[in-house]
Amino acid sequence: MPDHLYYAQNAIVIIKAIESFLDLKLADPTDAPTIAFSFSGGGYRAFTAAVGSMEAAVQSGLEGCVTYCGGVSGGGWFTSEFTNAQGDWSGFQSRIREAFTSLPFVHSPSTVARLRNEVEFTRAFRPNNNSSFIDLYGCMLMEQWRAALPEGERIGLRLSQQSFVKDGSAPLPIYNVVRPLPLMLRENIYEEKFEWWELTPFEMTSLAAEAAIPTWAFGRQFARGASVAFAPEYPACCVLGIVGSAFCSSVEEMDRVMSTQVAQNAATNFK
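Read the sequence shown against this note's numbering and you will find it ends at 1082, with the numbers running on by one and no gaps.
Just so you know, these hints were derived from the structure itself, not from any lab. Some hints here could point you the wrong way.
In silico SDA-like pairs for lysine to any residue, Cα to Cα no more than 20 angstroms straight-line [as the list claims (entries may be wrong)]:
| id | residue 1 | residue 2 |
| --- | --- | --- |
| 1 | Lys1004 | Leu1018 |
| 2 | Lys827 | Gly872 |
| 3 | Lys827 | Ala847 |
| 4 | Lys827 | Thr878 |
| 5 | Lys1004 | Ser1017 |
| 6 | Lys827 | Thr841 |
| 7 | Lys827 | Gly979 |
| 8 | Lys1004 | Val989 |
| 9 | Lys1004 | Ser1056 |
| 10 | Lys827 | Ser980 |
| 11 | Lys827 | Val869 |
| 12 | Lys1004 | Val988 |
| 13 | Lys836 | Ile846 |
| 14 | Lys836 | Ile826 |
| 15 | Lys827 | Ser871 |
| 16 | Lys836 | Val824 |
| 17 | Lys827 | Gly898 |
| 18 | Lys827 | Gly875 |
| 19 | Lys836 | Ile823 |
| 20 | Lys827 | Asp978 |
| 21 | Lys1004 | Pro991 |
| 22 | Lys827 | Ala843 |
| 23 | Lys836 | Gln820 |
| 24 | Lys836 | Gly875 |
| 25 | Lys1004 | Glu1021 |
| 26 | Lys827 | Leu837 |
| 27 | Lys827 | Ala868 |
| 28 | Lys1004 | Gly852 |
| 29 | Lys836 | Gly872 |
| 30 | Lys1004 | Ser851 |
| 31 | Lys836 | Leu873 |
Label pairs and their computed distance ranges (CB to CB) [to be verified]:
| id | residue 1 | residue 2 | range |
| --- | --- | --- | --- |
| 32 | Leu1018 | Leu835 | 31 to 39 angstroms |
| 33 | Pro840 | Ser1070 | 50 to 58 angstroms |
| 34 | Ala860 | Glu909 | 12 to 20 angstroms |
| 35 | Leu835 | Arg856 | 35 to 43 angstroms |
| 36 | Thr912 | Ala1042 | 34 to 42 angstroms |
| 37 | Gln1032 | Asp814 | 21 to 29 angstroms |
| 38 | Phe832 | Ala1040 | 42 to 50 angstroms |
| 39 | Pro1025 | Ser831 | 28 to 36 angstroms |
| 40 | Pro840 | Thr912 | 41 to 49 angstroms |
Each residue gets a CB set at the ideal place from its N, CA and C atoms; glycine is no exception.
Please build the complete structure, drawing on both the sequences and the hints.
Structure follows, in structure tokens:
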């Protein structure tokens, strides 16, 4: 489904929801504000904070007025699971509560065997059939939150979740990915720069390159704007690992940043 159809249908839903939330009739539908929820990174801590924020929004009725819902790392994980819940907030809460209270979860041979099969499943989506530690990371996240779901909903799910948002009643999920660029030295101070990408059920966008590809083509190789590889779309478990951004910095980069910060703090404290 083209994204412009989503926005057209979502506008109808949002106007009704905002009028109900405010208990008034908008004189001009174009006066309806565009509301977005943006959740920060921070792993399970950020995921938990996002659950609390959305709980307040659901109880107040504000959740139905939201056009966009997105985040990075834990905020992105929440966005994925919230979208997949398809409006079943109580079911979502029960599943996530059970998942969080059962940490750590890799405690049985059957779970380890299932993880091994899931990582093997991801190889078909990678260049040269090579899985990465990030794929394992994503599979572990998926296994944690969706262990009770059928396999197709656990690892077979694709990011192009059009079926979940096609009627415009759900916020459009936006998954953010961050990658630090090499640190730049400026007046004896390291200045860190980042590249950002955005993924939605419709497209993946590089903000730096100002370019986008359809989500179903994410992971393919391109030459002169044409696909030269025809791998299937990445499953959501791979994407969750990428969105986590936990491995976006090398050990050397982290050591350099921490050493620089320690030196700067020491110089400041002893002035």
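Here's how the hints hold up against the structure:
1. Using a Cα cut-off of 20 angstroms, the hinted pair lysine 1004 and leucine 1018 holds, with the two alpha carbons roughly 13 angstroms apart.
2. At most 20 angstroms may separate the alpha-carbon atoms for a hinted pair to count; lysine 827 and glycine 872 meet this at roughly 12 angstroms.
3. Proposed proximity of lysine 827 and alanine 847 is supported: the alpha carbons are some 17 angstroms apart, at most 20 angstroms.
4. Between lysine 827 and threonine 878, the direct Cα distance comes to roughly 13 angstroms. Compliance with the 20 angstroms bound is thereby established for this hinted pair.
5. A hinted pair counts as satisfied when its Cα atoms are at most 20 angstroms apart, and lysine 1004 with serine 1017 qualifies at roughly 15 angstroms.
6. Proximity of lysine 827 to threonine 841 is assessed by CA-CA distance (about 12 angstroms); at most 20 angstroms being required, the pair is judged to hold.
7. A hinted pair counts as satisfied when its Cα atoms are at most 20 angstroms apart, and lysine 827 with glycine 979 qualifies at roughly 12 angstroms.
8. Restraint check for lysine 1004 and valine 989: the C-alpha separation of about 10 angstroms stays at or below 20 angstroms, so the hint holds.
9. With a CA separation close to 15 angstroms, the supplied pair lysine 1004 and serine 1056 stays within the 20 angstroms bound.
10. Distance check on the hinted pair: lysine 827 and serine 980 sit about 11 angstroms apart at the alpha-carbon level, within 20 angstroms; holds.
11. With a C-alpha separation of about 16 angstroms, the suggested pair lysine 827 and valine 869 falls inside the 20 angstroms cut-off, and the hint holds.
12. This hinted pair checks out: lysine 1004 and valine 988 have alpha carbons roughly 14 angstroms apart, not beyond 20 angstroms.
13. With a C-alpha separation of about 18 angstroms, the suggested pair lysine 836 and isoleucine 846 falls inside the 20 angstroms cut-off, and the hint holds.
14. Proximity of lysine 836 to isoleucine 826 is assessed by CA-CA distance (about 9 angstroms); at most 20 angstroms being required, the pair is judged to hold.
15. Under the criterion of a C-alpha separation no larger than 20 angstroms, the hint pairing lysine 827 with serine 871 is consistent with the structure, at around 15 angstroms.
16. For the hint pairing lysine 836 with valine 824, the CA-to-CA distance comes to about 14 angstroms; that is within 20 angstroms, so the pair holds.
17. For the proposed pair lysine 827 and glycine 898, the alpha carbon gap of about 17 angstroms is at most 20 angstroms, so the pair holds.
18. Restraint check for lysine 827 and glycine 875: the C-alpha separation of about 9 angstroms stays at or below 20 angstroms, so the hint holds.
19. Restraint check for lysine 836 and isoleucine 823: satisfied, since their Cα atoms lie roughly 14 angstroms apart, inside the 20 angstroms limit.
20. Simply put, lysine 827 and aspartate 978 have alpha-carbon atoms about 14 angstroms apart, close enough for the 20 angstroms limit, and the pair holds.
21. Note on lysine 1004 and proline 991: the hinted pairing holds, with a Cα-Cα distance of about 6 angstroms set against a maximum of 20 angstroms.
22. With a CA separation close to 10 angstroms, the supplied pair lysine 827 and alanine 843 stays within the 20 angstroms bound.
23. For the hint linking lysine 836 to glutamine 820, the alpha-carbon distance of about 19 angstroms falls within 20 angstroms, and the restraint holds.
24. Among the hinted pairs, lysine 836 with glycine 875 is consistent with the structure: their alpha-carbon atoms are about 16 angstroms apart, no more than 20 angstroms.
25. With a C-alpha separation of about 17 angstroms, the suggested pair lysine 1004 and glutamate 1021 falls inside the 20 angstroms cut-off, and the hint holds.
26. Restraint check for lysine 827 and leucine 837: the C-alpha separation of about 9 angstroms stays at or below 20 angstroms, so the hint holds.
27. Taken as a hint, the lysine 827 and alanine 868 pair is honoured in the structure, with Cα atoms around 16 angstroms apart against an allowance of 20 angstroms.
28. Taken as a hint, the lysine 1004 and glycine 852 pair is honoured in the structure, with Cα atoms around 17 angstroms apart against an allowance of 20 angstroms.
29. A distance of roughly 16 angstroms separates the Cα atoms of lysine 836 and glycine 872; the hinted pair therefore holds under the 20 angstroms criterion.
30. A hinted pair counts as satisfied when its Cα atoms are at most 20 angstroms apart, and lysine 1004 with serine 851 qualifies at roughly 18 angstroms.
31. For the given pair, lysine 836 sits about 16 angstroms from leucine 873 by alpha-carbon distance, which is consistent with the 20 angstroms threshold.
32. For the pair leucine 1018 and leucine 835, the beta carbons lie near 37 angstroms from each other, so the given range of 31 to 39 angstroms is met.
33. Between proline 840 and serine 1070 the C-beta distance comes to about 56 angstroms, which sits within the given range of 50 to 58 angstroms.
34. A C-beta distance of roughly 19 angstroms is found between alanine 860 and glutamate 909, which places it inside the suggested range of 12 to 20 angstroms.
35. Range check, leucine 835 to arginine 856: Cβ separation about 38 angstroms, and the 35 to 43 angstroms hint holds.
36. A hinted range of 34 to 42 angstroms for the beta carbons of threonine 912 and alanine 1042 is consistent with their spacing of about 37 angstroms.
37. Between glutamine 1032 and aspartate 814 the CB atoms are about 24 angstroms apart, so this pair conforms to the stated range of 21 to 29 angstroms.
38. Roughly 46 angstroms separates the CB atoms of phenylalanine 832 and alanine 1040, a value that falls within the hinted 42 to 50 angstroms.
39. A beta carbon spacing of about 34 angstroms between proline 1025 and serine 831 agrees with the range 28 to 36 angstroms that was offered as a hint.
40. Checked against the hint of 41 to 49 angstroms, the C-beta distance between proline 840 and threonine 912 comes to roughly 44 angstroms, which is consistent with it.
The structure fails none of the hints (numbered hints given earlier).
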